[in-house]
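**Student:** Residue numbers (this note's numbering), protein chains in the order written: chain A, 1 to 72; chain B, 1 to 285.
These are calculated hints, taken from the structure and not from any lab test.
Certain hints may be false.
Derived coverage of chain A by chain B (criterion: at least 3 residues anywhere in the stretch with Cβ under 8 Å from a Cβ of chain B; other residues may be distant) [what the hints assert, rightly or not]: (1) 38–46; (2) 57–63.
Below, in silico cross-link-like pairs of lysine to aspartate or glutamate (EDC-like), each with a Cα-Cα straight-line distance of 20 Å or less [to be verified]: (3) B:K261 x A:E69; (4) B:K264 x B:E51; (5) B:K77 x B:E65; (6) B:K77 x B:E108; (7) B:K262 x A:E69; (8) B:K15 x A:E69.
Here a beta-carbon is modelled for each residue, glycine too, at the ideal position from N, C-alpha and C.
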Amino acid sequence: MRRSPRSAARILVAAAALAAAGAWAEAPPPTGGASPPRSLEPPADVLVASGAAPDLIFLYTGDVIGYLEPCG
Amino acid sequence: MNPAGGLARRAWLKKLLQQRFPDAAVVLLDSGNFSDNPTPEGDAKTVALLEGMGRLGYAAAGVAERELATGYDDLVKKARGVPFDLVSTNVVRKGTTEPVFKPYVVVEARRGGGKPPVRVGVMSVVRYNPVFLKAGPSGSNVSIAQPLAMVRRYLGEVREKSDVVVLLSEMSSFNAHELAREASGIDFVFGAYGATTSAQEEVEGTTRIVYTGNQGKRIGETRTFLDPKNHVVSQESYLYFLTARYPDDPDTLQWVQAAMKKMKAAGGEAPLSTAAPASRGGTGP
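Just chain B, with the same shape it has in the complex:
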């Protein structure tokens, strides 16, 4: 047995890259489905994971189906105080095409060496699921709109405000290729869909696609080279399988151990109520 992944190994990798490439901007992203099961123990882990991702410096995370298992309000409570944005381009109020979360964010990624920051536009989609229905904000329900239609709606706007455009994907790699083919102008798709991992860089037009697998066992890295106008000139990607041969960042490991100990002492009790209804009847937005 060789357990893989964990926040402490991710933190080690991030620090190593920052030491090795001190002038490069580093942007951490998660495509979503970061939530554990909706049980007291699972909710406590989700809350701790969100806090840990904030400590690592994640800039944005997608919202996928697992995040909404107990509805919108419960997710908002879990994410309260988290220093990064939750993004979804295609989770909408039922019966509308109005996104419930930010449909995109533009992350200003700072570089060293006196170079200007890079503006990274981040969108996020979850697979189309016509029967998905969960409790939304202010007594509404939320549903999932067609990813392509919603990406098309915002892509021009995001492209205009950004130097580099990323789509976080929680749908199959096949669907991601299809979307990139139909909606040109996306530089990168970073996705997860169960255990699917990319063996090599996948290309669709000018879009590069990488799938990282699940449970945090792996982490994707894409190094991007820009011209003086901050346009992408070239890139190279890696997928690191974070087995025990990867060291832990000591500070993060200590924090994770303390968080797990605290959870065990509390008997896995979630600090939040999960009493919100899973949906509100399915009638109207």
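Just chain A, with the same shape it has in the complex:
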């Protein structure tokens, strides 16, 4: 079965939109103070958030009060 030129164009547009969405997902987040606050929760289905490679990663704790092992 042959696709009509209009169907082919729709497929191309959809493919371009998907590619753009993929690129957005890997791009650094928007600049500085202008971006709205976002949740600190990582996505529910992963342990650690994915994303674009950062230049610098901070890992930080506080009020650990002697716990070497899990607490609770």
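Start from chain A and add chain B according to the hints.
**Tutor:** Using the frame of chain A, we list chain B on its own:
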């Protein structure tokens, strides 16, 4: 019951991020109040925790009230040989504004991919407590100065020497916002104040603020994107609740288990004397 936290899960997270982002610099920080109770068992845990944090590669830790429960000399003994800096911008000799610990450090964070290192300036404040008084170095006493005044005193210097400026906070989130509003030029505030945790990225001017809660159950992660001059362009933060669904790093787990076993065998005896006076009378610096 789902116990959360622990050094071994933190180590797993750090290694995962290093594998995933091999060219990124990773900087570990602790805002303070890492000390257990000032008992023989508690002191032994504090010493072991400091050693474990050193193994994980912590770059700096703040000094807060719990660290000074048995005075300055005792803390210095506990931290002897620890390969990271203890920092406090506002713990001072009583009657002065002279910090007792390093008021800030500049951490040179190395990156891969031939990129230059990032200079991270780290300051640390504890909540203002006008009745705090503990034994200090050389027969002095230590007290706590106003956080804002002390941050203002050093911020320009730190900013000049650093690409990114971090303030470790052991005061309320409200006070942290107030300080960031009054002292512009801080990129990040990473804090803890009891069980307070940030639900979302908190913003004060150009400062991002994250509170991580207590007992090491959670760990904050902030990914920072820099321009060619190492200025912060953007960032994204996460707060991981380290429940059992997070794996342990096997090497660190083994080390923690050995440390706990050794402590139990010693009956929780601290390897250090805790006989130092809690304060030295309260007269003069």
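**Student:** It remains to establish, for every hint, whether it holds in the given structure.
**Tutor:** Now for the hints, and whether the structure bears them out:
1. Chain B is given as covering the segment 38–46 of chain A, and this holds because 5 residues of the stretch bring a CB closer than 8 Å to a CB of that chain, at least three being needed.
2. Counting residues of the segment 57–63 of chain A whose CB falls under 8 Å from any CB of chain B gives 7; the rule of at least 3 is met.
3. At most 20 Å may separate the alpha-carbon atoms for a hinted pair to count; K261 (chain B) and E69 (chain A) meet this at roughly 12 Å.
4. Distance check on the hinted pair: K264 (chain B) and E51 (chain B) sit about 17 Å apart at the alpha-carbon level, within 20 Å; holds.
5. As the CA atoms of K77 (chain B) and E65 (chain B) are separated by approximately 16 Å, the hinted pair is consistent with the 20 Å bound.
6. In summary, the hint linking K77 (chain B) to E108 (chain B) is not supported, as the alpha carbons are separated by about 26 Å, beyond the 20 Å threshold.
7. Of the pairs offered as hints, the one joining K262 (chain B) and E69 (chain A) holds, with about 14 Å between alpha carbons and a cut-off of 20 Å not exceeded.
8. Under the criterion of a C-alpha separation no larger than 20 Å, the hint pairing K15 (chain B) with E69 (chain A) is consistent with the structure, at around 18 Å.
Hint 6 alone, counting from the list given before, is not met by this structure.
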